[in-house]
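Q: When you get a sec, could you build the whole thing from the sequences and use the hints?
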Amino acid sequence: MTMESSVVAGSEPTVEPRGFELIEREGLETNLLEVSMGPHHPSTHGVFRMDVKLDGETVTELRPVFGYLHRNHEKLAEDMGYLGSMPFTDRLDYFCSMTNNWAYALAGEKMIDLEVPERAEYVRVIMAELTRLVNHIMLVGFFVNDLGALGTPLLYALREREKILDLFEWASGARMMCNYMRFGGLRNDLPEGWLTKCREVVDAFPYFLDEYEKLLVENEIILVRTQNVGVLKPELAINAGITGPMLRASGVNYDLRKVDAYGVYDRFPFRVPMGEVGDCYDRFMVRILEMRESIKILRQAMDELPEGPIMGEAPRVFKPPAGEIYGRIEGPKGELGFYLVSDGTAKPYRYRVRPPSLVNLTVLEDLCLGHKVADAVVILGSVDIVLGEVDR
Amino acid sequence: MPVSDETPVDLAPVLESFPSLEVEKGTGALITQPALVLEVVQFLRDDPRYRLDYLSNVTGIDYLATVRKEKRVNEEGKTEIVKIDEPPRMDVVYHFYSMSEKRGLVTLKQRITDRDRPVATSLMPLFRSAEFQEREVYDLFGIDFQGHLDLRRLLMWEEFEDFPMRRDYVEPDDYEYEPTPHGEVLEKAKTHAGLGEGGSEE
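Here the protein sequences line up with chains A and S, keeping their order. Numbered by my numbering, the letters in the first sequence go through residues 2 to 393 in order. Numbered by my numbering, the letters in the second sequence go through residues 0 to 201 in order.
One or more hints might be untrue.
What the hints assert, rightly or not - In silico lysine-lysine, DSS-like type, Cα no more than 27 Å apart, as pairs:
1) S:K68 with A:K348
2) S:K82 with A:K348
3) A:K320 with S:K101
4) A:K320 with S:K24
5) S:K68 with A:K111
6) S:K77 with S:K24
7) A:K348 with S:K101
8) A:K111 with S:K77
9) S:K70 with A:K320
10) A:K297 with S:K101
Derived from the structure by calculation, the hints contain no laboratory data. Bear in mind the structure is a predicted one, so any value in this text is a computation, not a measurement.
A: Next up, the structure:
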């Protein structure tokens with residue numbers, strides 16, 4: 002009788018609950034958990050996969066898997082003329098088409114010793130530094146997005162980026178796939194009034210950065226989640242070929258704008274921001290500081306922009322003599338290099354892109370080991386990759 | 000205006016230490032046999048005259064057998080065109096810089112004469128930056144890197160059989176071809192074609 006009416010509404014249960022014994026921890030079989038993060042995980046910023054082995058929440062092994070966006074860029078470029086690949090370089094790192102153009106143009110110019118007019122060099126610097134602003138502001142936006150600040154800071158970043166993309170569109174005709182540079186100069190000169198508008202955007206940018214910094218840089222969540230997470234030692238960074246802001250965050254002073262001083266970069270005084278620890282926070286801060294230096298360069302370049310031609314004496318058909326060249330620039334993500342081998346015909350015999358994003362991923366496993374799986378997301382965000390360039 | 004002002008590197012000390020090294024005409028690249036490459040690279044990395052601590056770029060080049068024409072002056076003082084047979088080969092190209100000394104660029108090429116079974120020596124024991132880039136060369140050129148710790152395909156999928164960056168690569172007619180029952184079923188359907196038409200007339 003008591004067994005049947007064990008549960009009556011409003012009354013106490015008459016049956017004693019059966020005691021649950023705690024399972025002994027000893028002798029319990031535990032196993033590593035394999036998780037495949039991606040290719041459609043939102044934190045991977047594209048089609049990138051990390052095969053992670055987890056002990057509880059701790060990463061014990063991480064293998065990056067590439068190739069989901071592979072279209073063999075290099076093979077395609079070897080089947081067409083030199084200039085034909087210029088618009089295709091836009092698609093490598095689709096945030097930074099201007100710097101991709103410049104790297105390829107620089108390699109081509111080295112091949113035939115082509116001189117670039119001064120005005121074109123200055124416009125290239127302006128475009129490259131605007132690209133750096135775009136890239137870094139997007140990185141910072143997505144980075145805090147990965148940390149859990151969903152949407153709002155990212156949209157502030159997108160808003161500022163849009164102003165710069167408008168400038169690109171006005172000058173080149175396209176927001177992202179600019180295809181603006183040519184061997185020996187630029188496709189077209191800056192439109193009437195472009196410089197005034199550019200000055201407005203650049204002058205407003207520091208105010209936005211101040212606001213953004215105030216919002217984020219001393220935010221406690223960001224400090225806790227990024228400081229001493231994913232520390233990259235400078236020795237390993239150099240050995241693994243890490244370049245760009247990631248290398249400088251580890252305290253290595255190596256900026257190709259200073260080292261090679263390609264273009265007219267030797268005329269602009271600017272500082273190279275460096276980190277001390279090499280953790281995610283340093284990588285984040287180096288980018289913010291780099292934006293401030295870019296604004297300095299931009300202001301000076303706009304003040305000194307000379308009048309004159311924008312195109313050097315480039316041959317009608319680009320047909321370099323047999324030989325090879327390696328040209329590189331400081332892209333926003335690192336050293337972007339183009340290795341071209343010519344056999345004397347109008348098509349490159351070998352065309353190779355040295356992708357900074359792919360090489361920077363070499364140390365991803367080293368950075369993530371021993372951290373929680375949630376930190377792996379943050380570390381990947383701080384590396385700054387674009388899959389169009391990683392997979393090519 | 001300089002296009003680039005890289006510091007030129009004097010190659011004399013390394014050529015002295017390794018007499019079997021050659022310098023390629025025109026490009027100034029060092030050419031080495033795969034057996035020697037680790038010693039040469041270690042020398043370039045650790046010798047205080049070089050300190051090339053940064054391996055920037057790794058890639059391969061494939062050369063098919065060709066006939067090269069070259070103008071030469073013969074004994075009678077006339078220029079004549081000489082045909083030279085170039086055997087097939089593969090090169091693995093490395094670009095070195097020095098981050099600490101701000102030097103560069105030194106190009107090193109591993110020359111592989113056996114193009115049918117290309118085997119190179121991996122630089123991964125000395126430079127981590129070779130890890131992914133050599134995997135990519137293995138993936139696209141089919142060069143086997145001895146001493147690489149994790150030699151797998153990088154960009155193509157694992158079931159892919161060919162090496163697309165080779166000069167004699169032929170694209171498959173259909174990348175996504177998989178044998179399915181549909182072909183056989185359609186063939187079978189043709190034999191019933193008469194019956195089918197008869198059926199529709201009723």
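Q: All the hints need checking, so say for each whether the structure fits it.
A: Against the structure, the hints come out as follows:
Proximity of K68 of chain S to K348 of chain A is assessed by CA-CA distance (about 19 Å); at most 27 Å being required, the pair is judged to hold. For the hint linking K82 of chain S to K348 of chain A, the alpha-carbon distance of about 23 Å falls within 27 Å, and the restraint holds. This hinted pair does not check out: K320 of chain A and K101 of chain S have alpha carbons roughly 32 Å apart, beyond 27 Å. Note on K320 of chain A and K24 of chain S: the hinted pairing holds, with a Cα-Cα distance of about 20 Å set against a maximum of 27 Å.
The hinted pair formed by K68 of chain S and K111 of chain A meets the criterion: a straight-line CA distance of about 26 Å does not exceed 27 Å. Our distance criterion of 27 Å between C-alpha atoms is met by K77 of chain S and K24 of chain S, whose separation comes to about 23 Å. With a C-alpha separation of about 33 Å, the suggested pair K348 of chain A and K101 of chain S falls outside the 27 Å cut-off, and the hint is violated. Distance restraint check for K111 of chain A and K77 of chain S: the Cα-Cα separation of roughly 34 Å exceeds the 27 Å cut-off, and the hinted pair is therefore not satisfied.
Distance hint between K70 of chain S and K320 of chain A is fulfilled; the C-alpha atoms sit about 20 Å from each other, no more than 27 Å. Taking the CA atoms of K297 of chain A and K101 of chain S, the gap is about 25 Å. The hint holds against a cut of 27 Å.
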